[in-house]
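Visitor: So the chains spell out like this:
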Amino acid sequence: MTASNRPAFVSGTGLSGWELFLIAMLAVIVLANSALSPQFLSLNNQINLFQLSIEKVIVALVMTFIIINAEIDLSVGSMMGLAACAFGWMFQSGVPAYAAIIIVIGIGIAGGTVNAFFITRVGLPSLVVTLGTLIAFRGLARVLVEDRGITDFPEWFDRLGQQGLIGPFPLSLILFAALFVICWLLLQRTGFGRKTYVIGTNRDVADFAGIDSGAHKARLFIASGAVSALAGLFYAARVGAVRGDVALGFELDIITIVLLGGVSIFGGVGTMAGTLLAILIVLNLRNGMALLNITGHIQTGVIGLLLIGSVLAPRLKLSTLLPIISGRKGDAR
Amino acid sequence: MKNALLTATTAAFLAGTAIVASADTVTLEPGQDTNMVLLPKFLGILVFDQANEGAQEAHAELQNPGELLFQGPTPENSVAGQIEIMTTSATQGQGAVMLSNNAGDQIAPAAQAALDGGTRVVTWDSPIPSGDGEDVFVAQVDFGSIGIVMADMAHSILGGEGKMAVLSATPDAANQNAWIASMQEALEGDKYAGIELVDIVYGDDQSEVSYNRALALYDQHPDLGVIMSPTTVGIQAAAKAMQDEGLCDEVKVSGLGLPSEMVSYTLNGCAPEFALWDFRDLGYLTYYTAYGLATGQLTGDIGETFTAGRMGDYTVEEDPGRPGAKRILMGPFTVYTSDNVEAAAQ
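As given, the protein sequences belong to chains W and C, one line each in that order. Take the first sequence: its letter number 103 is residue 103 in our numbering, and every next letter is one higher. Take the second sequence: its letter number 163 is residue 163 in our numbering, and every next letter is one higher.
None of the hints are false.
Here are some of the chain C residues that sit facing chain W, going by a computed Cβ distance under 8 Å:
1) Leu69
2) Asn77
3) Val79
4) Gly81
5) Glu84
6) Thr88
7) Asp105
8) Gln106
9) Ser130
The set of hints was computed from the structure by calculation and includes no laboratory data. We treat Cβ as the ideally placed atom computed from N, Cα and C, and that holds for glycine.
Start from the sequences and build out the full structure, keeping to the hints where you can.
Guide: In structure tokens, the structure reads:
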């Protein structure tokens with residue numbers, strides 16, 4: 001079977017126009033960064049650039065599936081916070097760190113199951129359900145650690161989050177690479193991925209075709225919970241301490257990346273390659289601006305503009321643009 | 001056992017060095033080139049801008065040809081943003097990062113990595129709790145000096161003679177209690193013999209409770225001369241209470257307050273004097289410390305003394321609040337009166 005035999009959206013080998021645009025944008029950013037700051041291309045900086053956002057980009061991979069499936073998971077940041085705090089709390093209560101890690105992944109699966117239950121069994125919109133669990137998971141995290149910070153984790157745990165495991169590459173980065181390959185294969189090369197697209201494009205058609213949409217969505221939300229919990233553990237290891245506000249607001253950055261990658265918020269459209277490109281663009285852009293000492297306010301603004309542009313650009317046709325411009329002129333007169 | 005012996009020897013050796021170091025005061029040589037970053041908790045806060053002004057003043061004074069950057073995260077991204085700026089600064093090879101820490105111990109690994117890479121880390125305003133990843137903390141307050149400052153303000157307001165009451169925060173607030181205790185200690189001095197401390201009450205650091213407690217103090221002690229409130233909530237509530245009831249001619253209010261909140265009460269005479277540390281000075285002293293460390297003129301060892309420009313001499317000491325960590329104590333407090341409160345309240 002060759003690539004041309006598959007529907008274009010499942011292909012994944014040929015790059016769409018949007019992805020080519022993203023590659024061009026990335027090239028411009030990387031070239032500008034390396035021209036403007038001598039440290040940019042150093043291996044150390046390239047690793048740091050990933051490390052600083054590693055939790056977000058790991059979760060973005062799973063979020064890609066969920067949004068293509070025409071759903072959303074707003075609870076990922078809170079789940080990361082809950083996972084980190086639950087780990088800290090258990091560790092402080094005397095639970096061995098390795099056992100706490102396993103339990104925390106279990107908490108992620110349980111949290112994802114709660115989301116899945118209300119979305120697929122009760123039939124509530126994922127926007128509402130995960131907004132609820134966003135609040136609930138965060139509340140639970142704050143209850144566990146109160147207004148304290150918990151630190152002094154075992155040295156091996158901190159080292160896993162902070163130092164290179166294979167050469168200079170830390171565990172989280174290696175795991176991200178592995179997870180990307182798995183997610184890419186799943187989405188672009190398997191029946192699971194094809195179902196994701198079909199359900200996201202038109203759920204009725206999917207149901208009619210005998211696809212168990214509910215079970216499929218449930219799997220995605222459970223995976224999202226588990227991966228978020230894992231990301232929360234990475235955060236705890238990276239910073240060596242946890243507080244109730246760990247990963248606060250991360251969900252918005254994650255969703256921003258996925259949408260920038262060309263995944264449609266209405267479902268059915270998007271690729272794993274697009275998400276990876278968006279990850280590289282956002283991280284390189286942020287890093288470049290930071291190295292040029294551009295303040296946080298402007299960084300946030302630029303990323304915001306980028307997102308608006310990414311949603312707007314595919315709809316940008318001259319025919320739709322012209323009336324807007326001429327209309328404005330008409331008002332001015 | 002062997003390790004313990006080794007540690008003991010090292011400690012003795014270090015102690016020896018410290019004594020030698022304290023023998024002379026380091027005067028920093030200006031004009032050395034080092035880039036530094038002033039990293040506040042987040043942007044858009046007045047006191048941090050004031051600290052930046054102080055640091056810029058020192059930067060100009062020391063004629064550092066390098067750059068002084070005021071880099072902060074956005075408020076909603078404070079923790080991750082501070083870690084990111086710390087990491088980026090290390091990548092850039094900045095000479096020093098001056099950090100008002102808002103990330104608790106979460107910033108320690110990034111700060112430690114910066115230290116390991118040759119970037120000095122000086123905290124100010126708010127230290128790294130564990131002390132990991134930090135050269136030294138420039139502390140703004142000392143429990144002992146605050147008692148003397150408050151006693152002096154009471155002395156000045158009362159003209160050396162009269163009755164004073166304390167309006168504190170909560171009965172179990174460790175810092176407030178220590179400050180009151182240090183003031184009581186100071187009051188035993190001969191200079192303050194005419195001042196009588198008649199009562200200590202607690203307003204729970206809530207405006208309404210503090211307001212009512214202040215009025216109750218006047219009812220119970222009609223000949224009261226001054227209410228001393230070592231909390232920014234209490235002093236403002238007490239001043240408002242006295243102003244609202246038209247008692248400002250009889251009872252004055254003093255203590256620790258924010259100029260921006262106290263300016264009207266100071267100008268109308270209800271709170272003629274109050275104190276707080278000066279964030280400009282804090283930025284200035286922090287810059288001198290960081291410049292000295294980044295240019296290799298200071299080591300940051302305990303006992304080291306250096307001259308910080310217009311502010312005079314400072315010594316690196318053990319931080320009593322954080323075992324194993326070091327601090328430089330700023331002090332004394334800035335006393336605000338009608339002469340300087342408006343400028344500070346901006």
